[in-house]
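Enquirer: For any residue, its number in this note's numbering is found by taking its place in the sequence shown, counting from 1, and adding 8.
Derived from the structure by calculation, the hints contain no laboratory data. Hints are supplied without guarantee of correctness; some may be wrong.
In silico lysine-lysine, DSS-like type, Cα no more than 30 Å apart, as pairs [to be verified]: (1) K50 x K24; (2) K24 x K36; (3) K69 x K24.
The following label-pair restraints were derived from C-beta to C-beta distances [as the list claims (entries may be wrong)]: (4) A76 x S46: 40 to 50 Å; (5) D21 x E82: 29 to 39 Å; (6) Q81 x E29: 26 to 36 Å; (7) A70 x G28: 14 to 24 Å.
We put the CB at the ideal spot given by N, CA and C, even for glycine.
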Amino acid sequence: MDRIKRLSYEVLDTHKSKFGEDFADNKKALDQVSIVRSKGLKNEVAGYITKFIKKEIREQKAKEAQIASSKAQEQEVQMEPEPVEATETAEAPAAEETENTEAPAVEATETTEAPAAETTEAPAAETTEEKSE
Numbered sequence: 009m010d011r012i013k014r015l016s017y018e019v020l021d022t023h024k025s026k027f028g029e030d031f032a033d034n035k036k037a038l039d040q041v042s043i044v045r046s047k048g049l050k051n052e053v054a055g056y057i058t059k060f061i062k063k064e065i066r067e068q069k070a071k072e073a074q075i076a077s078s079k080a081q082e083q084e085v086q087m088e089p090e091p092v093e094a095t096e097t098a099e100a101p102a103a104e105e106t107e108n109t110e111a112p113a114v115e116a117t118e119t120t121e122a123p124a125a126e127t128t129e130a131p132a133a134e135t136t137e138e139k140s141e
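Make the full structure from the sequences, and use the hints.
Expert: Here you go:
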């Protein structure tokens, strides 16, 4: 682990409540919490903390949205169990018809490929004989 991450985690472990999503505020909070003599190092640590907190908040919002959508789907399933069954029976015959139409197309392709291969081989043999003469 590089030193920026290590230092950021050390600061966040003890003072996470003082940091937020704003870089300037995080930089000021870092000045209050610790003594960093290098301006570049201070900026990098404050930047990493800002990035880390934004990522945590984004992931938390995504989790909440996912939970809300799964709850909404569960409620829809509980409200309408009969139409779901009707949809499943309607899909089954369509799948069988698709299988029947696919099989002849494959056979036709195989028949077409065989003569094409023979035709291609014959001119190649003639060309080789002409070159040897």
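Enquirer: Given the hint that K24 pairs with K36, does the C-alpha gap stay at or below 30 Å?
Expert: Roughly 14 Å between the alpha carbons, so the hint for K24 and K36 holds.
Enquirer: Is 29 to 39 Å a correct range for the gap between the Cβ atoms of D21 and E82?
Expert: The hinted range 29 to 39 Å holds for D21 and E82, with Cβ atoms some 38 Å apart.
Enquirer: Is the hinted pair K50 and K24 satisfied, with a Cα-Cα distance of at most 30 Å?
Expert: holds (16 Å)
Enquirer: Take a look at whether the Cβ-Cβ distance between Q81 and E29 falls inside 26 to 36 Å.
Expert: At roughly 31 Å between Cβ atoms, E29 and Q81 fall inside 26 to 36 Å, so the hint holds.
Enquirer: For the pair A70 and G28, does the Cβ-Cβ distance stay inside 14 to 24 Å?
Expert: Roughly 19 Å apart at Cβ, these two residues keep to the hinted range, so it holds.
Enquirer: Within 40 to 50 Å or not, the Cβ separation of A76 and S46?
Expert: Roughly 44 Å apart at Cβ, these two residues keep to the hinted range, so it holds.
Enquirer: Verify the proposed pairing of K69 with K24, using a straight-line Cα cut of 30 Å.
Expert: holds (19 Å)
This entry satisfies every hint, going by the numbered hints stated previously.
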